[in-house]
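S.K.: Listed here are the chains, written in short residue letters.
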Amino acid sequence: GQQVMQIPQYQHVQEGEDFTTYCNSSTTLSNIQWYKQRPGGHPVFLIQLVKSGEVKKQKRLTFQFGEAKKNSSLHITATQTTDVGTYFCAGPGQAGTALIFGKGTTLSVSS
Amino acid sequence: SAVISQKPSRDICQRGTSLTIQCQVDSQVTMMFWYRQQPGQSLTLIATANQGSEATYESGFVIDKFPISRPNLTFSTLTVSNMSPEDSSIYLCSVNHGTVEAFFGQGTRLTVV
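Chains as they are written, first to last, in my numbering: chain A, 2 to 112; chain B, 231 to 343.
Pulled out of the complex, with its shape left as it was, chain B reads as follows (with noise of 0.2 Å):
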């Protein structure tokens, strides 16, 4: 199993502000994934981390509203830029350990007005 601790758990944010979400890994594991999880709704991928590359973002996610980095095998960031209200979501981190269950952090429930 992999245990994940993601931080803060939740904020509260000005519009035009940005907020890094932290992710660490109690071990390595070649990709992380971030997903969005909109009030009531699923989870959607928003991009795939990748040590020592670019993230892969999925359609509708861009680099610049959502840069992420991945220094290193256990940790990775992702930040949510020039923030507005319709970015108030969870955001979840998520890695698969060498097997295909998909382990998630806590979330960060994201409020911005």
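Just chain A, with the same shape it has in the complex (with noise of 0.2 Å):
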């Protein structure tokens, strides 16, 4: 079945130094998601990524979509302490409705 695979697992970052992570899809994704979940919160919409190549800014976040549209990356300039939590992509499940999960990279930041 459909699977969406993240790496790493877990980052743990001195703020002020940037993180990245990783996000690849067994198959072409009609487009792509990003999470952010806080420690005992629930998972926040970030952005949605549609064309081939595409790449959008959110302040200290970049993020892109591959020209395949199989995978992904989220790279954080300059961490900060407020970037701690659980990043998770998601691309569409094979209905078209539901997300697909990948496992996540969790980013720890010391000050």
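Honestly, the hints are just simulated from the structure, not real lab data. Check the hints yourself; a few may be wrong.
Unchecked claim - Listed next, the in silico BS3-like pairs over lysine-lysine satisfying Cα-Cα at most 30 Å (straight line):
#1 B:K295 to A:K57
#2 A:K52 to B:K237
#3 A:K37 to A:K58
#4 A:K71 to A:K104
#5 A:K71 to A:K52
#6 A:K37 to A:K57
#7 A:K37 to A:K104
#8 B:K237 to A:K37
#9 A:K104 to A:K60
To be verified - Examples of chain A residues toward chain B, derived with CB under 10 Å:
#10 G41
#11 G42
#12 H43
#13 G67
#14 A69
#15 A79
#16 F89
#17 K104
Quick caveat: nothing in here was measured; it's all calculated off a predicted structure. Each residue gets a CB set at the ideal place from its N, CA and C atoms; glycine is no exception.
Using the hints, put the two standalone chains together into the complex.
M.R.: Shown next as structure tokens:
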């Protein structure tokens, strides 16, 4: 079945360092979404990418969608303690409705 | 956007009992989704709840264990039946409100002892 893989599983950085998480799908995706889940919280939508090769920025966050629409990345520049949490990528399931989530990358930041 | 009220927020239950989780959405939505998130893990889709028809379950999840109701377009329940410690998890309901963005309830943190 469809799989969405994400690496690394954990990442610890010093405040101010950069951080990147990578997402790969076993199938071509019509779109990919990114979510952030703070400790003890629920996933919150960050962004959706639709076009091949698309790059979007949100302040210190840069999201990329691969040319083949099977991979994506999230890069955070100069991390802050507020960036702590688990970042999930997600793609539409085979039925095109529910989302299939990657395993997530848990980011910890020390000041 | 959609606001989802999910309850209970947490519960500790005895094995062999059942717990019903409720989700109320502030607007009408066609589909509601139920996910399970085991400690430190990703979200796994349990089923899709459609109003007026039976829920569609994912592989590994069955109606007898996770019966779902969807009486109208703003409400759904998920029951975790005959619980065992392996059912200890976070259960989340979710909707896509006319957009592709998914909105989640606050989650139900279930501990089975």
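S.K.: Tell me, which hint numbers fail for this structure?
M.R.: Of the numbered hints given earlier, those the structure breaks are 1, 2, 13, 14, 15, listed in rising order.
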